[in-house]
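**Student:** Starting from the given sequences, assemble the full structure and let the hints guide the process.
Quick mapping for you: the protein sequence lines, in order, are chains A and B. For the first sequence, the working numbering begins at 3 and goes up steadily by one. For the second sequence, the working numbering begins at 3 and goes up steadily by one.
Just so you know, these hints were derived from the structure itself, not from any lab. Glycine residues also receive a C-beta, built at the ideal position from the N, C-alpha and C atoms. If a hint is listed, it holds; no wrong ones were tucked in.
Taking CB as the label site, the calculated pair distances span:
{"#": "1", "chain 1": "A", "residue 1": "R82", "chain 2": "B", "residue 2": "E56", "range": "40 to 46 Å"}
{"#": "2", "chain 1": "B", "residue 1": "A40", "chain 2": "A", "residue 2": "S30", "range": "24 to 30 Å"}
{"#": "3", "chain 1": "B", "residue 1": "H12", "chain 2": "A", "residue 2": "S30", "range": "37 to 43 Å"}
{"#": "4", "chain 1": "B", "residue 1": "R65", "chain 2": "A", "residue 2": "T22", "range": "40 to 46 Å"}
{"#": "5", "chain 1": "A", "residue 1": "T29", "chain 2": "B", "residue 2": "N57", "range": "16 to 22 Å"}
{"#": "6", "chain 1": "B", "residue 1": "N73", "chain 2": "A", "residue 2": "R62", "range": "36 to 42 Å"}
{"#": "7", "chain 1": "A", "residue 1": "K71", "chain 2": "B", "residue 2": "N57", "range": "27 to 33 Å"}
{"#": "8", "chain 1": "B", "residue 1": "L85", "chain 2": "A", "residue 2": "R52", "range": "36 to 42 Å"}
{"#": "9", "chain 1": "B", "residue 1": "Q43", "chain 2": "A", "residue 2": "K71", "range": "20 to 26 Å"}
{"#": "10", "chain 1": "A", "residue 1": "K28", "chain 2": "B", "residue 2": "T114", "range": "29 to 35 Å"}
{"#": "11", "chain 1": "B", "residue 1": "H12", "chain 2": "A", "residue 2": "L113", "range": "22 to 28 Å"}
{"#": "12", "chain 1": "B", "residue 1": "N73", "chain 2": "A", "residue 2": "K58", "range": "31 to 37 Å"}
{"#": "13", "chain 1": "A", "residue 1": "L77", "chain 2": "B", "residue 2": "A82", "range": "41 to 47 Å"}
Mimicking SDA-like on lysine to any residue, the simulated pairs with C-alpha atoms at most 20 Å apart in a straight line are:
{"#": "14", "chain 1": "A", "residue 1": "K108", "chain 2": "B", "residue 2": "L41"}
{"#": "15", "chain 1": "A", "residue 1": "K108", "chain 2": "B", "residue 2": "Q46"}
{"#": "16", "chain 1": "A", "residue 1": "K108", "chain 2": "B", "residue 2": "G42"}
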Amino acid sequence: SQQGEEDPQALSIQEGENATMNCSYKTSINNLQWYRQNSGRGLVHLILIRSNEREKHSGRLRVTLDTSKKSSSLLITASRAADTASYFCATDDSLYSGYSTLTFGKGTMLLVSP
Amino acid sequence: ETGVTQSPTHLIKTRGQQVTLRCSSQSGHNTVSWYQQALGQGPQFIFQYYREEENGRGNFPPRFSGLQFPNYSSELNVNALELDDSALYLCASSFNQGVNTEAFFGQGTRLTVV
Numbered sequence: 003s004q005q006g007e008e009d010p011q012a013l014s015i016q017e018g019e020n021a022t023m024n025c026s027y028k029t030s031i032n033n034l035q036w037y038r039q040n041s042g043r044g045l046v047h048l049i050l051i052r053s054n055e056r057e058k059h060s061g062r063l064r065v066t067l068d069t070s071k072k073s074s075s076l077l078i079t080a081s082r083a084a085d086t087a088s089y090f091c092a093t094d095d096s097l098y099s100g101y102s103t104l105t106f107g108k109g110t111m112l113l114v115s116p
Numbered sequence: 003e004t005g006v007t008q009s010p011t012h013l014i015k016t017r018g019q020q021v022t023l024r025c026s027s028q029s030g031h032n033t034v035s036w037y038q039q040a041l042g043q044g045p046q047f048i049f050q051y052y053r054e055e056e057n058g059r060g061n062f063p064p065r066f067s068g069l070q071f072p073n074y075s076s077e078l079n080v081n082a083l084e085l086d087d088s089a090l091y092l093c094a095s096s097f098n099q100g101v102n103t104e105a106f107f108g109q110g111t112r113l114t115v116v
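**Tutor:** As structure tokens, then:
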């Protein structure tokens with residue numbers, strides 16, 4: 003089953019604009035991670051935010067986490083055509099399973115036009 | 003590049019056949035997880051191996067099985083292939099240090115069952 007639900011399902015913007023993707027989840031977590039996937043290939047880890055963190059930055063990426071609302075957002079600033087990809091949030095389920103594994107949402111497809 | 007390699011990259015099999023997919027973990031990683039990603043969906047957890055033992059399994063039937071070798075490389079075996087097994091299979095390696103573990107994914111094997 004999929005825990006995370008990303009919103010929107012698809013997003014189309016122009017280069018230079020900001021892109022915001024949201025993720026909601028259902029159960030308590032240790033951490034939430036964001037991944038990027040190009041053209042149905044491997045997943046690239048973008049950022050991990052722990053349950054006791056509220057905001058984290060990495061280059062042009064900004065991730066927020068609201069555990070009271072069970073939601074997270076990924077902001078990509080000054081987007082580039084190379085940012086075109088699918089973006090997934092994934093929750094670490096080790097609180098329940100005893101081992102670290104990830105439950106993914108269905109992803110947001112981002113298209114950045116030149 | 004994550005240092006995680008999967009082979010083959012593409013594979014076509016006939017319904018009822020058996021298939022073996024391979025994964026070489028990133029150096030120093032002792033944990034490997036396998037995921038199945040159907041078209042348009044997020045990856046779904048199949049199982050995880052830690053130090054050559056299966057230590058977690060998702061909602062997949064027993065015809066999905068695996069192995070982890072002393073060098074921490076891994077195999078995913080699927081028996082009695084069904085059409086619905088057509089998907090991208092991803093392996094992820096990590097160093098098990100409890101919670102907040104970052105996973106590194108390979109580029110995946112795309113399996114088509116006809």
